[in-house]
Amino acid sequence: MLWDIDIFSEMERLRREMNGLFSNYGQSSGSATYPLMNVYDDKDNIIVTAELPGLVKDQVEITFSDGILTVSGKQQPLAKTKNMSVVRKERPEGNFEKTVRLPTQIKQDAIKASFSNGILTINMPKAEEVKPKTIAIEAK
Amino acid sequence: MTTDLEKREKQEVNNTAAEQMNSSGMAYSPDVDIYVSDNEVLFAVDIPGVNRGDVSIQVDETDTLIIRAKNSHKEPEAATLRQYRIGDYYRAFQISEDYDKDKVQAKLENGLLQVAIPKKESAKPKKIEIKA
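Chains A and B, in that order, are what the protein sequence lines are. Note that the working numbering has the first sequence beginning at 1, numbered continuously upward. Note that the working numbering has the second sequence beginning at 1, numbered continuously upward.
None of these hints come from the bench; they were simulated from the model. Just to be clear, a hint being listed does not mean it is correct.
Simulated coverage check for chain B against chain A, where a stretch passes if three residues somewhere in it have a Cβ under 8 Å from a Cβ of chain A [to be verified]: (1) 45-53; (2) 57-68; (3) 82-89; (4) 123-130.
Below, in silico cross-link-like pairs of lysine-lysine (DSBU-like), each with a Cα-Cα straight-line distance of 35 Å or less [said to hold, decoys possible]: (5) LYS80(A) <-> LYS107(B); (6) LYS43(A) <-> LYS107(A); (7) LYS107(B) <-> LYS74(A); (8) LYS101(B) <-> LYS133(A); (9) LYS107(B) <-> LYS131(B); (10) LYS127(B) <-> LYS57(A); (11) LYS112(A) <-> LYS127(B).
For glycine and all other residues, C-beta sits at the position ideal for the given N, C-alpha and C.
So that you can see chain B by itself, here it is in the shape it has in the complex (with noise of 0.2 Å):
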């Protein structure tokens, strides 16, 4: 089970190279679940304290899913206690071809994002009928 996770993971959703490189320093890395249907991949992506306009999603020539926040949400200066700072966010993910990246739907609901990409028709699963 954990094998098949594993090798389905590196085949769809690799973390690249890209995201390595910029994502150190100036921007939080936002915690992701990755799910897969035999029509489509989601994203579901926690950006807490951003806005709906402040989100940019793209899929560049390398099939390089990135998203990108603006985290304006303010609080006070000096904490007394203090477990999470307020930043942007900034995830990458290598997506297969089978995806069409021309058909990505996102919405942002209450600080969770959440972005669907499509199976392309010719790598959906085929139902072959048997015939008589």
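Looking at chain A on its own, in the form it has when it is part of the complex (with noise of 0.2 Å):
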């Protein structure tokens, strides 16, 4: 029996260290914190994206100050759940809160997010005078 027990926690612990690897992957700091986010910047928009399940757009809250992005909220347990015995968690559960240093100046009244299928949209206009100019040359 202890046998059977050995192996099977041992194939889990391989199984989340793979899973590590994936999540992991691309990333430049060690370990993330809740809730994965990606950042992307293009011209116009700095857009922040974060894998947050189960949640709708009443239950998250989004501040900026000072160049910061906050994204805060809760991962509640599940109401069915309370009465019933837990044989497995994985999924993370309770308060969180991630903060993003910017690193441009943001339009800070036109910041705009949305929620699909749990994930949340930041997006975030540039201000005018850190968007790149095209210069005209004046003629003679």
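Both chains come to you apart, so use the hints to assemble them.
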């Protein structure tokens, strides 16, 4: 019996390690805090996305101040499971708060956010003064 | 307590060999919570990005619950910082024969999939009346 359990937990450890390799791929820093985020930088906008499965827009708070974006909220346990016993728990639960320092100036009043199938997308237009400019050459 | 949980887990929802093989490479393994009561087993599966029509749930002849989801969420190509990738999901569990695999119920809301399988009547705990 003992042998059985050891094999099982070893497999589980390996599986988690593999998952870890997957989710950390392409990431500069070591371990990522919840929620996992992607940041995109195109000419006119900074786009921040976050995986927040199970949440709706009223359960997530987004604030922006001094160039720092903060996403916070709470992953609640499912109401239905109150009187059930847990046999496996992998999904994160509880309060979360994650901040991202933006590398450029943002038009604060024009920040827009949307939620689709548990993925949050925050679109932040860059301020006019930091956008790349084309300089016209005047004729003499 | 821990030993008890481990034992239950082994009996009711083992990871399968099929999972180890099929999930390699092409799909992500989603985070799963599993709950049990006297009447049912409930799987809560995080599959952010997936539309309702893109999930396939089946229980095969070996009582393996197989969850597949196609993720068609789109994000721009080049990321400045990337902590997650968009991809399909795959996960499989062995279900005890105490559960009625013809009565699997599932719902997907905001990237969270819930799969509930009721216990067969014959497997439910019975109340025994004490006669006077």
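Evaluated hints:
| no. | hint | in the structure |
| --- | --- | --- |
| 1 | 45-53 | holds (count 6) |
| 2 | 57-68 | violated (count 0) |
| 3 | 82-89 | holds (count 4) |
| 4 | 123-130 | violated (count 0) |
| 5 | LYS80(A) <-> LYS107(B) | holds, 13 Å |
| 6 | LYS43(A) <-> LYS107(A) | holds, 14 Å |
| 7 | LYS107(B) <-> LYS74(A) | holds, 21 Å |
| 8 | LYS101(B) <-> LYS133(A) | violated, 62 Å |
| 9 | LYS107(B) <-> LYS131(B) | violated, 43 Å |
| 10 | LYS127(B) <-> LYS57(A) | violated, 44 Å |
| 11 | LYS112(A) <-> LYS127(B) | violated, 56 Å |
This entry does not satisfy hints 2, 4, 8, 9, 10 and 11, going by the numbered hints stated previously.
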